[in-house]
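Read off the chains here:
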Amino acid sequence: DAKTTQPPSMDCAEGRAANLPCNHSTISGNEYVYWYRQIHSQGPQYIIHGLKNNETNEMASLIITEDRKSSTLILPHATLRDTAVYYCIVRPREGAQKLVFGQGTRLTINP
Amino acid sequence: GAVVSQHPSWVICKSGTSVKIECRSLDFQATTMFWYRQFPKQSLMLMATSNEGSKATYEQGVEKDKFLINHASLTLSTLTVTSAHPEDSSFYICSAPDLGYEQYFGPGTRLTVT
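Top line first, the protein sequences correspond to chains A and B. The opening residue of the first sequence carries number 1 in the working numbering; numbering runs sequentially from there. The opening residue of the second sequence carries number 1 in the working numbering; numbering runs sequentially from there.
By construction, these hints were calculated from the structure, which means they are not laboratory data. We put the CB at the ideal spot given by N, CA and C, even for glycine. Among the hints, a few may not be true.
[Unchecked claim] Every beta carbon over 10 Å from chain A, so not counted as near; a handful from chain B, in silico:
(1) 4
(2) 73
(3) 83
[Stated by the list, open to error] Chain B side only, calculated, beta carbon under 7 Å to chain A, not exhaustive:
(4) 34
(5) 40
(6) 93
[Unchecked claim] With a straight-line Cα cutoff of 27 Å, these simulated DSS-like cross-link-like pairs (lysine-lysine) come out:
(7) B:41 with A:98
(8) B:66 with B:41
(9) A:3 with B:41
(10) A:98 with B:20
(11) A:98 with B:14
(12) A:3 with B:20
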């Protein structure tokens, strides 16, 4: 079973920041938080990952709470192309670990 | 980032026939690859772990004799759906971790069994 819970759907206006929450209250000390997204009929795409510090890359920012029990993915200026299903996954960094996908959040960016 | 390809991208076959789907890591070697299946409006479900040089490991409820996996080399894994039936129609996706354990996904293969 997936170790994360996410809202099933969210809407966001184009140009605004999209904030996607994820709960991972049973996360272990050696597990990272990973975010992937899946645009319709494509394979998942890696977005970002983190352990306990906030992370930022060219795609998004990841905010992890101090107790690491939840996190938020932030798309700072959402575009229509960001419409996708976003998956939050926790996994150890080391080892070729299989990924267990939950239901994810279907994010719709509205013009 | 690394690239994983799948072939074919889509396939239509008749009930009772077998279909082979290839997954290749294009610029890195992968001793392990993963096969997922995704039905419409559902999440990805892991089917099996493909191991180079050894037998695949199947998830509970996945028929190993129906979904044959062969990890022929460090860059190629194949999934063969034997005696396909309409209920096997799905989106099949593979992934491969690189040496740094970051996973890369293929673009998926849409299988339709008529």
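Status of the hints after comparison with the structure:
no.	hint	verdict
1	4	violated, 8 Å
2	73	holds, 16 Å
3	83	holds, 26 Å
4	34	holds, 6 Å
5	40	violated, 10 Å
6	93	holds, 5 Å
7	B:41 with A:98	holds, 21 Å
8	B:66 with B:41	holds, 24 Å
9	A:3 with B:41	holds, 20 Å
10	A:98 with B:20	holds, 22 Å
11	A:98 with B:14	violated, 32 Å
12	A:3 with B:20	violated, 32 Å
In the structure shown, a violation is registered for the earlier hints numbered 1, 5, 11 and 12, in ascending order.
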